[in-house]
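J.: Below, each chain spelled out in residue letters.
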Amino acid sequence: MSKAMLNLQAVDKFYNPGSVHEVHAVQGLDMAVAEGEIVALLGSSGCGKTSTLRMIAGFEEVSKGSIQLAGRDIHRLAPAKRNVAMAFEGYSLYPPLTVQENIAFALKSQSLAKDAVARQVAEIAQLLEIEEVLERYPSSISGGQQQRVSLGRALIRSADLHLLDEPMGQLEPQLRALLRGRIKHFIKERGLTAILVTHDQTEANALADRIAVMEEGVLQQFDTPANLKNRPANLFTGAFIGEPPMNVFDAEVRSEAGRLVFGLGGGVTLDYAENEFSLALRAALLKKPQVTIGVRPHAVRITDEGAKAEITANQWLGDQTHIAARFAGGAIVSVEHDRTRYAKGETIGVALASEDLHVFDTRSGMAISHGGALA
Amino acid sequence: MPELRIENLTKRFKNETVLDGVSFTVAEGETTILFGPSGAGKTVLLRCIAGAVDPEEGRITIGGNDISDVPPEHRGIGMAFQNFALFPHMTAFDNIASPLTARRWSREKIQEGVEQVAKLLKIGHVLSHPPRALSNGQKQRTALARALAASPEILLLDDPLRNVDAKLRFEMRLELPRLLADQGATVIYVTQDYKEAMALGDRIAVLSGGRIAQIGTPEDIYRRPASVEIARHFGDPTINLLDVVPEKDGGGVFTRLSDQRVPLDSGLEAAVGRDCVLGLRPEALRFSDSPDGIPVEIEAETPFNEKTVTLVVTARKREILISRPAGTAAPGSGTARIEVDATDALLFDRATQERIAPQHRGGGKSEAAA
Amino acid sequence: MDHMSPVEKGLRGIALSAVVLFFMFPIFWIVLMSLQTNETILRSPPSMVFEPTFRNYIAIVTGKLDSNVASMDITFMRNLWNSILLSAGSVAVALLLGVPAAYAFARHKFRGSEEVAFTLLSFRFAPPLLVLLPLSLYFQQIGLANTYIGLIWVYQLICLPLILWIVRGYFEDISPDLEHAYRIAGHSWLSTFRRIALPLAGPGIAAAGLLAFIFAWNNFIFALVLASADKQPVTVGALAFVTASGIQYGQIAAAIVLSIAPTLALALYAQRYLVEGLSLGAVKG
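Protein chains in written order, with the numbering used here: chain A, 1230 to 1604; chain B, 798 to 1167; chain C, 372 to 656.
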């Protein structure tokens, strides 16, 4: 796991360089992916994730910088010479071939015996639940099935790197959770190195060991799903990662009689014993009286005490409950794993523990602290 | 606000029956969700109610008045479309005002009415923009504002959150109930997202193949789904489905998973010896140290929002998904044992795919107590 | 694809110039001819060097043609007026009839609607002469021969199918949901047609109208058979220059320049609509 399989060094991508329509799609991207690691490139459309993927695959020229795969410089090689397998967002299945032939086609270059090919195809077909459509043609199967075939064709190849572009967007919702589990098991069992590109954080969280969050061509944070959630590097990542999104409030910090006080809108204050925060953090906070605080919906505790809030919605989804309440001049969302019976209009108390507090610099958006310690 | 009654509605296109004798009633002021996969007939049903499509058979009544022959403009209905259907050559203001101009309101009243609904939906600052200058979220709010502007008695919402991103969808999901309650309208809301259905519906009508497969409260649908298909549609991750044959002994009704006993509701005696499907929701399963637990092999752990979903296989290669709140301890790999919370187990007949409801002595159904 | 080397750019420029030259040459040559006298036009070998003269234009506009042999009256300005009247009138009638019909064909699929629509289009395929002879007899009987109304009526064979098919494509492209939304908002069918369908199909209607105008303008055979001198458009009027004393090439050229000028200007001005209308008509047809 320690050796870097893929290494992107100071990679830039410009479209229409020199013209008025110049777009700096990827900006100085440094990223190393270890052997056997699954990495997700996550971001909204236009963030540069697809450009990055296409540069790794060789469909797009690298404007500046270099890419190494398995110890070779690959950024000047033709796509076919890079030893990269790819599942395309648009599936790109060969229409005149059956599903079976489409998948087997990926094994052509490996000159395997016929029955070995058949066995491997059968195995991947079972994994992806496409056994019943193996003899059909791509045009006669559903979008979800086509996407699974495309995935199968990429996964079956042995390659230094597997690239999966929005691999599960069209999958039938009922299959998603199961296939995520199976595909992760498949990749891990074989020790494949994979990069998936997605705008869906659920997918990235489920599959990836590490996630690279991109926005406007810049890598915002590259970390494990747990760290992205617990230690977001900036307000963008903090608000972007997490479903439902993080609750965010502007606050003024002051010190009052041995307690650290955050003044929110609407006259609401949160105050904590000073010793819940490290000395260095306290100093930093008091130097920047204007901050933005964030609290994840799961960390919002509903109690009898604490700051008052008025329930505006209570929605039970079967396995969890989403509660919205008017709070601090805005709204706060809380998520409970059980069903709760609060009625609309009811007044509750909201408690936010200091350990669940994320504090960001309002102007730069950079994280100042997570819990009681400096970020 | 009147009740809306659909009676035996049937619609065919060429030789295909899209709606097949659909009947249901939406009580006044209530929100009923039409839920179903694409092609189930939801949108056609909505269009029949709006008057954009003429059904072959059946009746639609609003507050007891048959509106089957009333043209759409006189049905007193407000509708929001999935693709927004904003008039591209008009400003947001004129879009929202269109139901009011039709009612020949005075200029001042229109101005007032539009501004009021725009404020409610937080789009007051974009009223002078044409639709192409609006963000997706603003378009969606403009479309909703247009539907609400004339305070219609019946409100039809055709998957209004389908084309907005996850964050906005979540925001609107929390905001909509208040908006709808303020209007007091009788609402039919079409969606393919079970979470929206559960969150917004007083009742949910599940449409399948042009028929109503089940209608009930969110709790009915989630806890007592009528069929395997409905159980599969509600819940993410999807419910685990395992082929079983229930047995019975002195200890009551039970079934076996990997030779371990899983107790079932005592009212399920009728199912003993039959080929059944056992439905276990991922959150009704948990890892356990008990020697009575079912031994499994852990295949993969996939974090899922604030939960962690684990894929395990039993000795007989049956795959099971288990979910637990994120951050709670559990074995990450290797072998483990799992335990079933039998109160949440569902049992379906394997041949008909329909749910077998527990029958308890002492008369009547025990369902209501569940 | 978007990065071209200078060589590629050069080759591309040459190729485009060749195409432009090929298509524009006849027009260029006609303009040259219109500025020459018959003598310089007919000299051999032809030369591009001559002393330009506006005699031809003056003759056409004043209606007096003095050649070295004789003097004759020409009615070209009247022909031009006829062309404008006939084309504009035909397009107006065709729009009035064709746009509602196109809407009906686009929105209301009834049994045989495709067949009716196709039959209307097929009028464009039929050789005009096929209908002309019987038509001229009928027209004489009912007194429509040599009237503007009669000609405009016959011109519907040109304009109506064109407008019907192009505008229908535009109506079909408007999401029916927009109209449903407007009706559900409380507006009548007619006001929905006027406020939603018509404005949104506006560019298509404009394109179809322009095309129909150009086709009507360029028509020759209908007017040749059905109209006498005082109702003839420019296309037929140009024949007057083929005289017993010889063909007046200079005047013909000047007449052609004057007659194509309005349509050319119109086409250039509305180029975008025309291309859009034509290609849409092609796809939908």
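Some hints could be false.
[Claimed, not checked] Restraint ranges, calculated between C-beta atoms of paired labels, are given here:
| # | chain 1 | residue 1 | chain 2 | residue 2 | range |
| --- | --- | --- | --- | --- | --- |
| 1 | A | Y1323 | B | G1131 | 50 to 60 Å |
| 2 | A | E1251 | B | P885 | 25 to 35 Å |
| 3 | A | S1484 | B | H922 | 34 to 44 Å |
| 4 | C | E486 | A | E1472 | 50 to 60 Å |
| 5 | A | S1369 | B | R1115 | 26 to 36 Å |
| 6 | A | R1365 | C | F394 | 48 to 58 Å |
| 7 | B | T1014 | A | G1594 | 50 to 60 Å |
| 8 | A | D1479 | B | P1060 | 24 to 34 Å |
| 9 | A | T1569 | B | E1116 | 44 to 54 Å |
| 10 | A | D1259 | B | E1094 | 31 to 41 Å |
| 11 | B | N812 | A | S1369 | 51 to 61 Å |
| 12 | A | R1365 | B | N933 | 33 to 43 Å |
| 13 | B | G818 | A | S1369 | 27 to 37 Å |
Derived from the structure by calculation, the hints contain no laboratory data.
Every residue, glycine too, gets a C-beta built ideally from N, C-alpha and C.
J.: Now look at each hint and say whether the structure bears it out.
T.: Structure-based check of each hint:
no., hint, result
1, A:Y1323 x B:G1131: 50 to 60 Å, "violated (41 Å)"
2, A:E1251 x B:P885: 25 to 35 Å, "holds (31 Å)"
3, A:S1484 x B:H922: 34 to 44 Å, "holds (39 Å)"
4, C:E486 x A:E1472: 50 to 60 Å, "holds (55 Å)"
5, A:S1369 x B:R1115: 26 to 36 Å, "holds (31 Å)"
6, A:R1365 x C:F394: 48 to 58 Å, "holds (50 Å)"
7, B:T1014 x A:G1594: 50 to 60 Å, "violated (43 Å)"
8, A:D1479 x B:P1060: 24 to 34 Å, "violated (54 Å)"
9, A:T1569 x B:E1116: 44 to 54 Å, "violated (32 Å)"
10, A:D1259 x B:E1094: 31 to 41 Å, "holds (39 Å)"
11, B:N812 x A:S1369: 51 to 61 Å, "violated (21 Å)"
12, A:R1365 x B:N933: 33 to 43 Å, "holds (36 Å)"
13, B:G818 x A:S1369: 27 to 37 Å, "holds (31 Å)"
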